[in-house]
Amino acid sequence: VLKPVAIYPDPARTNGALVMCEVMMPDGVTPHPSNARATILDDEDAWFGFEQEYFFYQNGRPLGFPEQGYPAPQGPYYTGVGYSNVGDVAREIVEEHLDLCLAAGINHEGINAEVAKGQWEFQIFGKGSKKAADQIWMARYLLQRLTEKYGIDIEYH
Numbered sequence: 196v197l198k199p200v201a202i203y204p205d206p207a208r209t210n211g212a213l214v215m216c217e218v219m220m221p222d223g224v225t226p227h228p229s230n231a232r233a234t235i236l237d238d239e240d241a242w243f244g245f246e247q248e249y250f251f252y253q254n255g256r257p258l259g260f261p262e263q264g265y266p267a268p269q270g271p272y273y274t275g276v277g278y279s280n281v282g283d284v285a286r287e288i289v290e291e292h293l294d295l296c297l298a299a300g301i302n303h304e305g306i307n308a309e310v311a312k313g314q315w316e317f318q319i320f321g322k323g324s325k326k327a328a329d330q331i332w333m334a335r336y337l338l339q340r341l342t343e344k345y346g347i348d349i350e351y352h
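Going by the numbering used here, the first residue of the sequence shown is number 196, and it counts up by one from there.
Quick caveat, the hints were computed from the structure, so don't treat them as lab data. Some clues are possibly wrong.
Only pairs whose alpha carbons sit at most 30 Å apart, straight line, appear in this in silico BS3-like list of lysine-lysine [claimed, not checked]:
hint : residue 1 : residue 2
1    : Lys-325   : Lys-198
2    : Lys-198   : Lys-326
3    : Lys-322   : Lys-198
4    : Lys-344   : Lys-326
Whenever a hint applies, use it, and build me the whole structure from the sequences.
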């Protein structure tokens, strides 16, 4: 049984909604063993900041890695700008992801390129333990849905 716990406007559809649900047992009261959200003690006054790091992957390797070998050593990629540091599509994706999150009402606080080529991060800040956790999960979902149209996968870490 699905129990709706959070609703966000779907920024990709007119009059659409994205619904975060908990999975419950058939009685509708007992959380399913896979429902880790139900184990969170909800403190509505606590503030949480999440930093989600990830790699863009395309054709089985991080975006921007050459077919053979490795890119230049780390250094210029962290908070990098310019084609040689971030490539041709990564910035477009992270900026579009930011717009989608804001349109969905997610408290997206920032983005930046990370130390390795193809590595990025975004930050979510929220009040309330469950609400903040829901926002990071929804932000992840929006990023993965977005990268489908670019033929790119995400590896979170």
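Structure-based check of each hint:
1. Using a Cα cut-off of 30 Å, the hinted pair Lys-325 and Lys-198 holds, with the two alpha carbons roughly 14 Å apart.
2. Distance hint between Lys-198 and Lys-326 is fulfilled; the C-alpha atoms sit about 15 Å from each other, no more than 30 Å.
3. For the suggested pair Lys-322 and Lys-198, the alpha carbons sit about 22 Å apart, so the restraint of at most 30 Å is met.
4. The suggested pairing of Lys-344 with Lys-326 holds, with an alpha-carbon distance near 28 Å, which does not exceed 30 Å.
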